[in-house]
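Please work from the sequences and hints to get the whole structure.
These protein sequences, in sequence, are chains B and F.
If you use this note's numbering, the first sequence closes out at 91, no skipped numbers anywhere.
If you use this note's numbering, the second sequence closes out at 228, no skipped numbers anywhere.
Hints are computed from structural coordinates only; laboratory data are not their basis.
Computed from a predicted model, the values in this text were never measured in an experiment.
It is possible that some hints are incorrect.
To be verified - Derived pair list, reagent style SDA-like, types lysine to any residue, alpha-carbon separation capped at 20 Å:
{"id": "1", "chain 1": "B", "residue 1": "Lys-85", "chain 2": "F", "residue 2": "Asn-144"}
{"id": "2", "chain 1": "B", "residue 1": "Lys-85", "chain 2": "F", "residue 2": "Ile-155"}
{"id": "3", "chain 1": "B", "residue 1": "Lys-85", "chain 2": "B", "residue 2": "Ser-75"}
{"id": "4", "chain 1": "B", "residue 1": "Lys-85", "chain 2": "F", "residue 2": "Leu-146"}
{"id": "5", "chain 1": "B", "residue 1": "Lys-88", "chain 2": "F", "residue 2": "Asn-144"}
{"id": "6", "chain 1": "B", "residue 1": "Lys-85", "chain 2": "F", "residue 2": "Asn-93"}
{"id": "7", "chain 1": "B", "residue 1": "Lys-88", "chain 2": "F", "residue 2": "Glu-226"}
{"id": "8", "chain 1": "B", "residue 1": "Lys-85", "chain 2": "F", "residue 2": "Phe-111"}
{"id": "9", "chain 1": "B", "residue 1": "Lys-85", "chain 2": "F", "residue 2": "Thr-223"}
{"id": "10", "chain 1": "B", "residue 1": "Lys-85", "chain 2": "B", "residue 2": "Asp-33"}
{"id": "11", "chain 1": "B", "residue 1": "Lys-85", "chain 2": "F", "residue 2": "Ile-96"}
{"id": "12", "chain 1": "B", "residue 1": "Lys-88", "chain 2": "F", "residue 2": "Gly-172"}
{"id": "13", "chain 1": "B", "residue 1": "Lys-85", "chain 2": "B", "residue 2": "Arg-34"}
{"id": "14", "chain 1": "B", "residue 1": "Lys-85", "chain 2": "F", "residue 2": "Leu-198"}
{"id": "15", "chain 1": "B", "residue 1": "Lys-85", "chain 2": "F", "residue 2": "Leu-131"}
{"id": "16", "chain 1": "B", "residue 1": "Lys-85", "chain 2": "F", "residue 2": "Tyr-121"}
{"id": "17", "chain 1": "B", "residue 1": "Lys-85", "chain 2": "F", "residue 2": "Asp-147"}
{"id": "18", "chain 1": "B", "residue 1": "Lys-85", "chain 2": "B", "residue 2": "Leu-31"}
{"id": "19", "chain 1": "B", "residue 1": "Lys-88", "chain 2": "B", "residue 2": "Leu-31"}
{"id": "20", "chain 1": "B", "residue 1": "Lys-88", "chain 2": "F", "residue 2": "Asp-190"}
{"id": "21", "chain 1": "B", "residue 1": "Lys-85", "chain 2": "F", "residue 2": "Arg-98"}
{"id": "22", "chain 1": "B", "residue 1": "Lys-85", "chain 2": "F", "residue 2": "Asn-148"}
{"id": "23", "chain 1": "B", "residue 1": "Lys-88", "chain 2": "F", "residue 2": "Thr-94"}
{"id": "24", "chain 1": "B", "residue 1": "Lys-85", "chain 2": "F", "residue 2": "Ile-224"}
{"id": "25", "chain 1": "B", "residue 1": "Lys-85", "chain 2": "B", "residue 2": "Ser-32"}
{"id": "26", "chain 1": "B", "residue 1": "Lys-88", "chain 2": "B", "residue 2": "Arg-30"}
{"id": "27", "chain 1": "B", "residue 1": "Lys-88", "chain 2": "F", "residue 2": "Asn-93"}
{"id": "28", "chain 1": "B", "residue 1": "Lys-85", "chain 2": "F", "residue 2": "Phe-222"}
{"id": "29", "chain 1": "B", "residue 1": "Lys-88", "chain 2": "B", "residue 2": "Thr-76"}
{"id": "30", "chain 1": "B", "residue 1": "Lys-85", "chain 2": "F", "residue 2": "Thr-94"}
{"id": "31", "chain 1": "B", "residue 1": "Lys-85", "chain 2": "F", "residue 2": "Ile-95"}
{"id": "32", "chain 1": "B", "residue 1": "Lys-85", "chain 2": "B", "residue 2": "Phe-73"}
{"id": "33", "chain 1": "B", "residue 1": "Lys-88", "chain 2": "F", "residue 2": "Gly-145"}
{"id": "34", "chain 1": "B", "residue 1": "Lys-88", "chain 2": "F", "residue 2": "Leu-146"}
{"id": "35", "chain 1": "B", "residue 1": "Lys-85", "chain 2": "F", "residue 2": "Gly-145"}
One-letter residues, chain by chain:
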Amino acid sequence: MLYTLLYYAVLPMLMISVVLAFVRFAIGPRLSDRVIALDLLITIGIGVIAVYSIINEQPTFLDIAMILALIAFLSTVAFSYYLEKREKDDN
Amino acid sequence: MNTIILRTASNYLLPLLLLFSVFILLRGHYLPGGGFVGGLVAAIAFVLHAFANGLDNTRTLLRIHPGYFMPLGLALSFLSGLAPILRTGRPFMSGLWFDGPLPAIGLIGSPLFFDIGVYFVVIGASLTIIFTITENA
Chain B
1 MLYTLLYYAV
11 LPMLMISVVL
21 AFVRFAIGPR
31 LSDRVIALDL
41 LITIGIGVIA
51 VYSIINEQPT
61 FLDIAMILAL
71 IAFLSTVAFS
81 YYLEKREKDD
91 N
Chain F
92 MNTIILRTAS
102 NYLLPLLLLF
112 SVFILLRGHY
122 LPGGGFVGGL
132 VAAIAFVLHA
142 FANGLDNTRT
152 LLRIHPGYFM
162 PLGLALSFLS
172 GLAPILRTGR
182 PFMSGLWFDG
192 PLPAIGLIGS
202 PLFFDIGVYF
212 VVIGASLTII
222 FTITENA
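Following this line, the structure appears as structure tokens:
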């Protein structure tokens with residue numbers, strides 16, 4: 001039951017959201033849109049890793065998801081830091 | 092960047108992330124983890140602190156220049172490689188293990204000290220690179 005749910009409901013939803021987030025990442029008119037889309041892409045990747053660790057019954061993969069979440073958070077912070085800095089320099 | 096939310100969060104995240112990095116370091120060798128990724132997590136903790144509180148505050152928190160971590164770690168790794176030659180006469184970098192497992196940590200040996208050396212080298216190298224980039228940007 002759980003595996004049916006994961007294979008036929010959760011993973012397709014994640015796949016569709018990856019495609020939608022990538023469309024926003026590709027066309028995003030402003031740089032901040034792209035940054036948010038990249039953050040969303042990594043977050044969906046964390047979801048995929050979590051599903052994979054449930055399917056294979058390997059709880060150690062969840063730590064990889066945690067490190068990826070950390071790196072995504074740091075990259076978003078760094079992007080916003082430099083965006084803010086650039087706007088300050090322009091004015 | 093001067094946001095109170097990020098600064099407060101980074102003050103709580105720094106010790107938590109350092110603890111997590113030590114956990115990853117100790118779990119290595121047989122399971123995912125080890126010195127490299129543990130050092131990266133520790134470096135990320137300090138970089139996050141630098142983004143929230145400014146680079147100078149992180150420098151004073153570290154006390155010493157992060158470049159000094161690199162020779163320290165390399166020396167520790169090299170000594171852990173030399174240990175089996177001196178103790179048993181086996182080749183360089185062959186594993187030397189203690190007899191019984193320690194409580195809560197597990198079986199330790201020369202690979203653990205090699206990993207701790209790698210941990211310090213990775214912290215030193217990545218923090219030196221990122222601090223230099225942040226300074227010049």
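(message) Need the list of violated hint numbers for this structure, in ascending order.
(response) 2, 8, 12, 14, 15, 16, 20
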